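Protein chains: 2
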Amino acid sequence: MPRRTDSRSRMIHAASELFGQRGYHATAFSDVIEGSGAPRGSIYFHFPGGKHELAQEATALAGDEIEVTVAEAASQATDPASLIRVLAEGMVQRLEASDYKHGCSIATMVLELAPYDEDLTVEFDTVFARWRAALVGCFESWGITTESGVVLADLVMSAFEGALIVSRAARSPEPFWRTVDALVDAVDGNAAFRPAAARRAKARR
Amino acid sequence: MPRRTDSRSRMIHAASELFGQRGYHATAFSDVIEGSGAPRGSIYFHFPGGKHELAQEATALAGDEIEVTVAEAASQATDPASLIRVLAEGMVQRLEASDYKHGCSIATMVLELAPYDEDLTVEFDTVFARWRAALVGCFESWGITTESGVVLADLVMSAFEGALIVSRAARSPEPFWRTVDALVDAVDGNAAFRPAAARRAKARR
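Residue numbers (the numbering used here), protein chains in the order written: chain A, 1 to 205; chain B, 1001 to 1205.
It is possible that part of the hints are untrue.
Mimicking DSS-like on lysine-lysine, the simulated pairs with C-alpha atoms at most 25 Å apart in a straight line are [what the hints assert, rightly or not]:
{"no.": "1", "chain 1": "B", "residue 1": "1101", "chain 2": "A", "residue 2": "51"}
{"no.": "2", "chain 1": "B", "residue 1": "1051", "chain 2": "A", "residue 2": "101"}
{"no.": "3", "chain 1": "B", "residue 1": "1051", "chain 2": "B", "residue 2": "1101"}
{"no.": "4", "chain 1": "A", "residue 1": "101", "chain 2": "A", "residue 2": "51"}
Calculated from the structure, these hints are not laboratory results.
Just so you know, these numbers come straight off a predicted model, no measurement behind them.
Chain A extracted, bound-state conformation:
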C-alpha cells in the first residue's frame, strides 16, 4: 500500500515543520492536513492516537534526521571545528529559508511539554541521546577520548539549540554565527577537543 505510506509520511513531515515553527499547542490537525495535502479525515485513520501520536512520529523523525545530518556533515569534515561549521551552514540555511520560523524541529515541543508529557519527554531525550552519540562517534573517529567527546557534544548541541532561539528572536543569523565562531575558537583552543593527529603535530613542534 504505497499510497498509505506516502500520505502518512507526508503528514509526519508537515507536522514536524509545524511543531518546530509554532509548537504543539498551536498546531491543529487542519494545519497538518493543509501542509501535507492529505485528504481530510485521513489523519485519524493514519494516527488513531491523534496529535500525540503525530508528535511521537515527528520526534522519531527528528532523531532519524539528525543522525543522517551528522553522518553527511562528517563526510565533509576532518575535525570537530570543520564538523561544527558544516552543521552550522545547514542550520542557518534552514533558518533563513524559513524566514526565521524554523530552527529545531523538537525544541518548541520540549519547552512546551517536558517534563509534563512522560512519553514524549522520553522520546525527546532519545533524540538528544542519538544526536550526542552521532557527534561522539565522529569525535572518537578523530582520536578524541569518549570523555572529552561527550562534553564537547553537549556544548555543541546546547550552543546550536540556544543560538537558534536567539537568532529567531533577532531575525538575523548574526547571533548564530557569533556563537559558532566562539565555539570553533573554543574547540581550537582546547587540546582535549583537537584530533589526536593535530595534538601529536603540535606536541612535536
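Starting from the known structure of chain A, fit chain B onto it as the hints suggest.
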C-alpha cells in the same frame, strides 16, 4: 494605589512562570489568576490588552531580571569562567526546584511566537540584547575587548539556553553541567576570553 500595583505585579510574575513552563498557547487567564491569587475579573482591568499585554510585561520582567542576575553574579566572580559558574548554579537551582519545568522564562514563547508576532519578537530580541550587554559589560571590566566579549556573550547565552532544553528533556542537570564544563574549558583555553591581568601574568611567565 499599592494594591493595584501588587496584584498587577503578582499576575505578571505568575504569567512569567507559566509562559516559561508551558508556553504562551497553553497558558490560560484562569491559570494566571490561580497562580497569582488575584481576584477573577481583575485581569482585564490590569491588562486591557489581554494575554498579549501580559506576555509583553512578562518579557520586560525577564529583561529586568537577567540584568539583576548578571550584576549579582558578577559581584561574586573574578573572570568569565567564575561568572559562568555562578550563573549556572542559579539556573540549575531553578531547574531542579521546578522539577525540570522551568528553564528560561521567554525561550518557550520565542519558539512559539517569533517571528510571527512582530511586537513580541522585538521585545524578545531586546531581552537578549540586555543580557548580552550585561555580560559584555562584565567582560570589559575584566579587560576583555568588546569584540571578544560580544562573541563570548553569544556563546554563553546560547549554551545556557540550549542546555536548559536538553536538561528539561533529560530531567537531569547532567547535560547542563557537561555544557558548562565545556564552556569553562573553552573560556580558559582561549587567550581572548581571559582577563587582561591573567593574560599579562601568563605572558610574564
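Evaluated hints:
no.: 1; hint: B:1101 / A:51; verdict: holds, 22 Å
no.: 2; hint: B:1051 / A:101; verdict: holds, 22 Å
no.: 3; hint: B:1051 / B:1101; verdict: holds, 21 Å
no.: 4; hint: A:101 / A:51; verdict: holds, 21 Å
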